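The opening position of the sequence shown corresponds to residue 1 in the UniProt record's numbering, with each subsequent residue numbered one higher.
Incorrect hints may appear among the rest.
As the list claims (entries may be wrong) - Taking CB as the label site, the calculated pair distances span: (1) L67 to Q4: 36 to 44 Å; (2) S8 to R36: 18 to 26 Å; (3) A28 to D70: 30 to 38 Å; (4) N30 to V62: 16 to 24 Å; (5) Y3 to G53: 19 to 27 Å; (6) Q4 to Y73: 32 to 40 Å; (7) M59 to N30: 13 to 21 Å; (8) G71 to Q4: 39 to 47 Å; (9) E76 to A52: 17 to 25 Å; (10) E47 to Y14: 12 to 20 Å; (11) G26 to E47: 14 to 22 Å; (12) G72 to A12: 34 to 42 Å; (13) Y14 to D70: 30 to 38 Å; (14) K11 to S64: 31 to 39 Å.
Claimed, not checked - Simulated crosslink set (DSS-like; lysine-lysine; CA at most 30 Å straight-line): (15) K69 to K7; (16) K56 to K7; (17) K11 to K48; (18) K54 to K11; (19) K7 to K48; (20) K11 to K56.
To be clear, the hints were calculated from the coordinates, so they are not data collected in a lab.
Computed from a predicted structure; not experimentally measured.
Idealized CB from N, CA, C, for every residue including glycine.
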Amino acid sequence: MVYQIPKSIIKARYGQDACNVGDGGGFAPNVQDTSREGLVLLFDAIEKAGYAGKIKIEMDVVASEFLIKDGGYDLEL
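All chains should be modelled from the sequences, with the hints used to inform the complete structure.
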């Protein structure tokens with residue numbers, strides 16, 4: 001059931017073609033603002049599944065993508 005919830009949200013927002021599953025078994029909709037929009041989609045699915053406050057998100061990111069000119073990191077969503 002939980003797997004179907006993100007699929008239904010993706011279908012509603014991006015259309016049936018966005019529900020295709022990649023080689024690793026995950027969805028890969030064409031989100032425009034990947035840092036925010038993808039996480040919002042994930043949080044919406046968690047809430048709709050009834051797991052709000054019960055699931056934590058862990059991310060494995062390429063830190064250089066967040067590097068800014070002064071040597072710090074932009075971690076704001």
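Status of the hints after comparison with the structure:
1. L67 to Q4: 36 to 44 Å: 38 Å, holds
2. S8 to R36: 18 to 26 Å: 21 Å Cβ-Cβ, so the 18 to 26 Å window holds.
3. A28 to D70: 30 to 38 Å: About 33 Å separates the Cβ atoms of A28 and D70, which means 30 to 38 Å holds.
4. N30 to V62: 16 to 24 Å: This hint holds: roughly 20 Å between Cβ atoms.
5. Y3 to G53: 19 to 27 Å: 20 Å, holds
6. Q4 to Y73: 32 to 40 Å: Since the Cβ atoms of Q4 and Y73 sit about 36 Å apart, the hinted range of 32 to 40 Å holds.
7. M59 to N30: 13 to 21 Å: Holds, since M59 and N30 (Cβ atoms, about 20 Å apart) stay within the stated range.
8. G71 to Q4: 39 to 47 Å: With a Cβ separation near 44 Å, G71 and Q4 satisfy 39 to 47 Å, so the hint holds.
9. E76 to A52: 17 to 25 Å: Taking Cβ atoms as reference, E76 and A52 lie about 22 Å apart, which means the hint holds.
10. E47 to Y14: 12 to 20 Å: 19 Å, holds
11. G26 to E47: 14 to 22 Å: 19 Å, holds
12. G72 to A12: 34 to 42 Å: 37 Å, holds
13. Y14 to D70: 30 to 38 Å: 36 Å, holds
14. K11 to S64: 31 to 39 Å: 33 Å, holds
15. K69 to K7: Violated - the C-alpha atoms of K7 and K69 are around 38 Å apart, more than 30 Å.
16. K56 to K7: Within the cut-off at roughly 20 Å; holds.
17. K11 to K48: At roughly 15 Å apart (the allowed maximum being 30 Å), K48 and K11 satisfy the hint.
18. K54 to K11: 25 Å, holds
19. K7 to K48: Holds, because 12 Å separates the two Cα atoms, which is no more than 30 Å.
20. K11 to K56: It holds: about 24 Å lies between the C-alpha atoms, which stays within 30 Å.
Consistency with the previously given hints fails for number 15 only.
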